[in-house]
Amino acid sequence: MATVQPHRVRAGRGVELGLLLLALVIGVAAYALVGIGTTDKVPPDVIGYGVGMAALAIGIHLVLRWRAPFADPVILPITVALNGIGLAMIYRIDFAYTARGREDTFAQRQLVWTAISVVLAAAVIVLLRDHRTLRRYTYTAMLAGLVLVMLPLVPGLGVLINGARIWVRVGGVGFQPAEFAKIAFAIFFAGYLVTHRDTLALAGPKVLGLQLPRPRDLGPILIVWGASVAVLVLERDLGTSLLFFGLFVAMLYLATERLSWVVIGLLLFIVGAGVAASAFSHVGARFDAWLHAFDPAVFDQSPGGSGQLVRGLFGMASGGLFGTGWGQGRPDLVPFAESDFIVASLGEELGLTGLLAILLCYAILAERGMRTAIGVRDGFGKLLAGGLAFIVALQTFVVVGGVTRIIPLTGLTTPFIAYGGSSLVANWVIVALLLRISDEARRPAPSMKPSLTPIVGTPVVGGSNEDDQPTEIMRGVR
Amino acid sequence: MNTPLRRLATVVLVMFVALMASATWVQYFQAERLNNDSRNVRTLYREFGNARGPIVVAGDAIALSTPVEDSYGYQRSYTAGELYSTVTGFYSVVNGRTELERAANDDLTGRGDRLFFSRIRDLLTGSQPEGAAVETTLLPAAQQAALDGLAGQQGAVVAIEPSTGKILALVSTPGFDPNALASHDIAAAGAAYQQLASADGNPLRSNATQERYPPGSTFKLVTAAAALESGQYTPASTLPAPVQLTLPQTTATIGNFGGGGCGSDPITLADALRISCNTAFGQLGMDVGAEALRTQAERFGFNDPDLTIPMKVVESVFPDEMNAPITAQSAIGQRDVQATPIQMAMVSAAIANGGQLMTPYVVQTVRSADLHRVSETQPDLYSTAMSPGSAAALRDMMVGVVDSGSGTAAKIPGVQVAGKTGTAQTADGQAPHAWFTAFAPADAPRVAVAVIVEHGGNAGNEATGGRIAAPIAKAVIEAVLAS
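Read top to bottom, the protein sequences are chains S and V.
Going by the UniProt record's numbering, 15 is the number at position 15 of the first sequence; the sequence numbering is gapless.
Going by the UniProt record's numbering, 229 is the number at position 229 of the second sequence; the sequence numbering is gapless.
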């Protein structure tokens, strides 16, 4: 780490409260607009809905005041806003399905999952007093991650849905273990790499100017890499495999600062993807659908054609710059409009303007996570925060990039927005971990006395005096 | 570890910029192409959900959308059934749209650039966007006369106002009832489409603008125009008119209708046109030359792939590569020369208008839902096809055709009609196509018309243009003059 200088920051709980209110207004207004757009009247339960959402958001806000007073003030409001927009869109798509005679209650279930997620996130913040505790569970996390990934392959547990074996069903409740495995792997990588970063970076032969690692340092990493390939081959889940692999390469790079890892990682991935595309028809079909989406033969091919992708593009195109408005479009014309293709639904009804705003929210969320990683003092925390923030960014990129045809379409859910309990819970846990680490990152260093002199004349939006006492913090700078 | 973190943060930012760029690409730059993709049912659904503007003929809406209680919201209906089907085409949930419903779609849906300000106002006031009304140039009486005249025969009629290019009648038979195709009962609409698509004579295709026929003797108007324009011929110039014209470099010959001579040999240009003398015109074509013929034909509108009225008109063809025998056959409208019925009406209209060919059009006015006039079509000169002097000379020759030549069936008491018959040979063993093109009154033309009856219609092998097609043209002219 480079030089260190004192830096004044605010705890930011007041700012957070103000932004939370804004996020709640967005979410509840969206809910009301869906009612107006589909049935011409405000949904009768909008007050109850608003109170419930506010209770959850303010609840976790109070938990932060209690247990993590210095946590990043932007992360939570953005998460609440995205979750609210997602709920409104799922509620809206329920209407469309009902109009077509298909009774669905995705919104109700997602609302329940939201409550569970927020409570779990609060529990993580309360119970996990220091993120460094997690380092003790490095290998437990690896084991847990591997077990979770392999779970869908267990006969009787795993379920094959839409050609991918990524679901586990226990007693009527289905979940996607891979969503939780990504957190476990992030903890494992952070713990393992922080211990072995020096041997990985420095000990080993040098080939063509690239510092290669020693084979024995590679063992655990190869196990996890093997797992992600297994996911691809055995569970036919291109998206999750890409997510694990990206996380793995990014965290290796963070730990070792060696570009060689990125090069090796990309080469491995390109070879893997090439082999997979030629060896497995379902992967090859994904590439075909991506490259020749508008080819009539590819469009009509079912399953494995580009029909869904192109219909999503049609939806987005019909939204244009400003969108049709909540409840005015036809997002139900795209298969899986409530989950995999919710981005296309949002693009259609909120337009390019709305979609860009949502993407910007994700970008800010990810960058706040990165900022947390830079701010926190311990190496484990840096790796974990960086990895978790990168997961959110990469998952968004893989989904939205797939829908907008930057990369082949894979089956991943859009964090916080798409329908799906596992994904929602897992991503809220990631947010809780980021909040926990950011509290550590922004907390004044214990060795230095906090300055109690307020900065005169600095207005703070939505803040009270008590909240916004300037404090000093150690901040690592370049 | 902060340096790689910062780099990773930059990578994340780049990823999001890429997503934003791709979203912009899809929703802005590619939006129009995607919205117009024929597989995009969403565009249709959205259009059906909005009030589509009516198509209006002489103040009456002949195609209109009325609110209905189903998932589409509006039902398109055609009040006159088959009468205007050639012009309106159809607008269907399952089968898309054709003709004016397609060509004027941006106005009818209210999505066109011209309606931008109406749309902004709808957006601000929150009112449902409504399509604009498209008012046509059609004359109901002329349209009806044309349909009645063709009655049961396959063919087409096109009537144009020579001084402006307004299309007064546009009929193609067999026609169809667009209501059957516009049904929201998907199965019924699909079945109706299948039945029409496989029916004899292809009812869904507009013969008037989409079908190319050998123009036969009506093309002699073009040959005569080229001769007059060359300055070397007058109506009184004499031409050789043998019983058989042997074509150079071949053993092929051109004969006259009925196999006889042309009354005299040599014959004047005016008489050759009057009785439609093939041998004289075959020779004239070779003398004038392929180049002059092609130039003249193109001035009348041949070889133009871009003509729209606003429906796209298929290109009439005068071929490129020609030797003398082909030129002779082309000069009498056989061989590779092909013309749409609207093309032959344009030839007459140009002669009628002193050589000035006006661009034909069918949409007079576009009016937004609040009756504000969005656009008005102004008559537009397509080309100067002939000098006024040549046009007047050719007009007088055409008057001769109706007065005492092959087109006497088109005579109207008290009105001087100028016309030209055509009897175009088609494949061996099939009856010839009967053509007639005319305009009237000859001294101050109000209408130019072209009629084709395929394969002789009800008269079969006995058919000639003068006998079968001329009476239909006469009825249409009378309908226009009576209005």
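These are calculated hints, taken from the structure and not from any lab test.
Take these hints with a grain of salt, some might be off.
[To be verified] Using 25 angstroms as the maximum straight-line C-alpha spacing, the simulated DMTMM-like pairs for lysine to aspartate or glutamate come out as follows: (1) K312(V) - D370(V); (2) K41(S) - E69(V); (3) K41(S) - D380(V).
[Said to hold, decoys possible] A short, non-exhaustive set of chain V residues, derived as facing chain S with CB atoms under 10 angstroms: (4) V12; (5) E32; (6) L34; (7) N40; (8) G49; (9) V68; (10) S71; (11) Q75; (12) R294.
Remember, it's a predicted structure, so these values are computed and weren't measured experimentally.
Backbone N, C-alpha and C define an ideal beta-carbon position, used for all residues, glycine too.
Hint check results:
Under the criterion of a C-alpha separation no larger than 25 angstroms, the hint pairing K312(V) with D370(V) is inconsistent with the structure, at around 29 angstroms. Restraint check: the Cα-Cα separation between K41(S) and E69(V) comes to about 19 angstroms, which is no more than 25 angstroms; the hinted pair holds. Between K41(S) and D380(V), the direct Cα distance comes to roughly 52 angstroms. Violation of the 25 angstroms bound is thereby established for this hinted pair. Taking 10 angstroms as the C-beta contact cut-off toward chain S, the hint placing V12(V) at the interface holds, the least distance being around 4 angstroms.
Of the supplied interface hints, the one on E32(V) holds, with its beta-carbon coming within about 8 angstroms of a beta-carbon of chain S, less than 10 angstroms. With a least beta-carbon distance of about 3 angstroms to chain S, the hint placing L34(V) at the interface is held under the 10 angstroms criterion. With a least beta-carbon distance of about 4 angstroms to chain S, the hint placing N40(V) at the interface is held under the 10 angstroms criterion. Because the beta carbon of G49(V) sits about 9 angstroms from the nearest beta carbon in chain S, less than 10 angstroms, this interface hint is met.
Hint status for V68(V): violated, given a least beta-carbon distance of 16 angstroms to chain S, over 10 angstroms. Checking S71(V) against chain S: minimum C-beta separation of about 8 angstroms stays under 10 angstroms; hint holds. Hint on Q75(V) is violated. Least Cβ distance to chain S is approximately 19 angstroms, over the 10 angstroms limit. Below 10 angstroms, beta-carbon pairs count as interface contacts, and R294(V) has none with chain S, the closest being about 39 angstroms; its hint is therefore violated.
The structure shown violates the earlier hints numbered 1, 3, 9, 11, 12.
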